[in-house]
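Construct all of the structure, not just a fragment, from the sequences and the given hints.
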Amino acid sequence: MSKLEIKNLHVSVEAEDGPKEILKGVNLTINPGEVHAVMGPNGSGKSTLAYSIAGHPKYTVTQGEVLLDGEDILSMSVDERARAGMFLAMQYPVEVPGVSVSNFLRAAKTAIDGKAPNPRHFVKEVNGAMEDLNLGASFTRRSVNEGFSGGEKKRNEIAQLKLLDPKVAVLDETDSGLDIDALRVVADGVNRYMESGDRGLLLITHYTRILKHIKPHFVHVFVDGHFIDEGGPELADQLEAEGYDKYVTANNAAKA
Amino acid sequence: MSVDTDPQAQHVADALETIASHLHPVPSYDVDHHPVPTGREEVWRFTPLQRLRGLLEAEGTGARLTWDVTKPEEVSLSQVATEEARELGGHAPGDRVAAMAALHAPAVDLVEVPADVSLDEPVVMDLRGSSLDEVVHGHTVVRIGNHAKATLVMRHRGSATHAALMQVIVGDGADVTFVAVADWEDDAVHAGQTSFTVGRDATVRTVSVSLGGDLVRIAETAEYEGPGGSIEQFGLYFVDAGQHIEHRLFVDHNQPRTRSNVDYRGALQGEKAHSVWVGDVLIRKNAEGIETYESNKNLLLTDGCQADSVPNLEIETGEIEGAGHASTTGRFDDEQLFYLRSRGIPENEARKLVVNGFFLDIIRRIGVAEVEEPLRRAIEEELEALDTPSTTAATTA
Chain A
1 MSKLEIKNLH VSVEAEDGPK EILKGVNLTI NPGEVHAVMG PNGSGKSTLA
51 YSIAGHPKYT VTQGEVLLDG EDILSMSVDE RARAGMFLAM QYPVEVPGVS
101 VSNFLRAAKT AIDGKAPNPR HFVKEVNGAM EDLNLGASFT RRSVNEGFSG
151 GEKKRNEIAQ LKLLDPKVAV LDETDSGLDI DALRVVADGV NRYMESGDRG
201 LLLITHYTRI LKHIKPHFVH VFVDGHFIDE GGPELADQLE AEGYDKYVTA
251 NNAAKA
Chain B
1 MSVDTDPQAQ HVADALETIA SHLHPVPSYD VDHHPVPTGR EEVWRFTPLQ
51 RLRGLLEAEG TGARLTWDVT KPEEVSLSQV ATEEARELGG HAPGDRVAAM
101 AALHAPAVDL VEVPADVSLD EPVVMDLRGS SLDEVVHGHT VVRIGNHAKA
151 TLVMRHRGSA THAALMQVIV GDGADVTFVA VADWEDDAVH AGQTSFTVGR
201 DATVRTVSVS LGGDLVRIAE TAEYEGPGGS IEQFGLYFVD AGQHIEHRLF
251 VDHNQPRTRS NVDYRGALQG EKAHSVWVGD VLIRKNAEGI ETYESNKNLL
301 LTDGCQADSV PNLEIETGEI EGAGHASTTG RFDDEQLFYL RSRGIPENEA
351 RKLVVNGFFL DIIRRIGVAE VEEPLRRAIE EELEALDTPS TTAATTA
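From first to last, the protein sequence lines are chains A and B.
Residue 1 is where the first sequence starts when you use full-length UniProt numbering, and the numbers rise one by one after that.
Residue 1 is where the second sequence starts when you use full-length UniProt numbering, and the numbers rise one by one after that.
Counterexamples of contact, computed for chain B against chain A with all Cβ distances above 10 Å:
| # | residue |
| --- | --- |
| 1 | Val26 |
| 2 | Val31 |
| 3 | Thr38 |
| 4 | Arg51 |
| 5 | Gln79 |
| 6 | Glu83 |
| 7 | Leu110 |
| 8 | Glu121 |
| 9 | Gly226 |
| 10 | Leu300 |
| 11 | Leu313 |
| 12 | Ile320 |
| 13 | Leu383 |
DSBU-like mimics (lysine-lysine), calculated; alpha carbons at most 30 Å apart, straight line:
| # | chain 1 | residue 1 | chain 2 | residue 2 |
| --- | --- | --- | --- | --- |
| 14 | B | Lys352 | A | Lys58 |
| 15 | B | Lys297 | B | Lys272 |
| 16 | B | Lys352 | A | Lys162 |
| 17 | A | Lys162 | A | Lys215 |
| 18 | B | Lys352 | A | Lys167 |
| 19 | A | Lys58 | A | Lys20 |
| 20 | B | Lys352 | A | Lys124 |
| 21 | A | Lys246 | A | Lys24 |
| 22 | A | Lys212 | A | Lys167 |
| 23 | A | Lys58 | B | Lys297 |
| 24 | A | Lys58 | A | Lys7 |
| 25 | B | Lys272 | B | Lys352 |
| 26 | A | Lys115 | B | Lys352 |
Computed from the model, here is a short list of chain B residues facing chain A with C-beta under 7 Å:
| # | residue |
| --- | --- |
| 27 | Glu335 |
| 28 | Tyr339 |
| 29 | Arg341 |
| 30 | Ser342 |
| 31 | Arg343 |
| 32 | Pro346 |
| 33 | Phe358 |
Hints are computed from structural coordinates only; laboratory data are not their basis.
Just so you know, even glycine gets a beta-carbon here, dropped at the ideal spot from N, CA and C.
Structure below.
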């Protein structure tokens, strides 16, 4: 099982003139095996949705629920959510100087599994994941994300997705800044993760090109902090051709 | 900036020019040139003088730290008279405690690495104090011959009230790593000066680690004897409740085409943990083509601790390759913690990883395995004691 339900989620951030509402009632259900693409213009709140699910302290949930297999994850700490089975591939993965990729991965794997992995087996597994993502053998000795190219950072996120094998993964613009070869490598990694058939994927993207490599079951249009339209893969093609103008205009009209 | 030559300053070593605005006292072996401070002086204002346990005025006692030295046979160890030691040309005392150390040290310990040798094994000097009651004055000179390659480690342990002058004189073209570890018992007081004189085209790497002691205050100076010399200075300090750890660095770019890089990092935890880092760099008029950078970073792990960090650059020539400094003091980087925790790592463990990484980031640059490994272990031991703030424990299902 790996069902994620987001119900009427409202989220605010602290702004200079008091709290500002960014998410205005988000509803979404991801069933096991489903890929949901979330598309929307810049500033619509897509990243806020991703970070709120992961529990970033900057965002305050004012209303609503997020359930993973029926369990309320909003009452959990950041690390508890990850151990419950959530994963966020970040748009801007954070540099942690002095902490090697291998130490970091071992700490994460130990926390997620609740026990230290068999060392020899784990080294093999890590090397395999690195190879799959076209990251060299020396990569694990480097500090986490420090001095990585944009593409290396994203590929490292997907290597973690493979190793930690969460129930539901949220990918926040993992495709931005990738050249076409790196995009294919990353997409292959994500598709392998989904192969088991009972994982869930929330794919946040600004562009349609990644959807040629990762086939979504549903495409959602996100404008002004909530979903405004939903369809199958064909909706992505329509957005590619027409852009978001129609939706933004409609949203403004509805508010006025 | 005005430069005046004071004819009265007969005591000035090597006829250093005296610079009016300069924060640094003129170096001198004469104790009278270093009056007893009141605590308001710029160079003393951070130091709790009453905790120096009389080091500013104590007479000589004849007491010594016990020395236990492991060394390759090429290295010689001897004791010389203080007059003889002064002629070797180390940087003279810049403050009263260092001057007292030179005046009252029963003898000068001289460690010599001959020219042209390349040591396979490090020289390890274990110094131990056994009592707080008698002030121990110590004066040590380390001389590295021209083109020699050596690693030296000096560890301080035990309990002592210790005034020290340490002079490291590095010959032309030599390549030296010098590691000082203050791993004192909690009640020790250690103040004084450690000076590096860098020969022409020499490469010097220093590592200064402060873990124990009630009060540790070391002035660390570096200057050059010829062009082309390079010094890299790394520092690590872990300051616990009530401890005062003070590092005062002064790099004097007195020769052209010289290089310096300073990177000191500290972690503080507990009520009244206090660190002081002062990083002064002087680029003299003749020091064209030099390059310098200094950085100090402090991590405040709990409430109630204080890190003072003061970088200063005095530049007398614009004809340089580069000069800069950075100083940051703060709590944990929330984004780093969030990233680690978003992978399931419990908060407390994430904190340990971040602090460990903060230090490993410089330990790994030392490049000497027999130095790096014990430092890693020492940091891990300190981290074991890291107070665990309220956090959700890892569920080990």
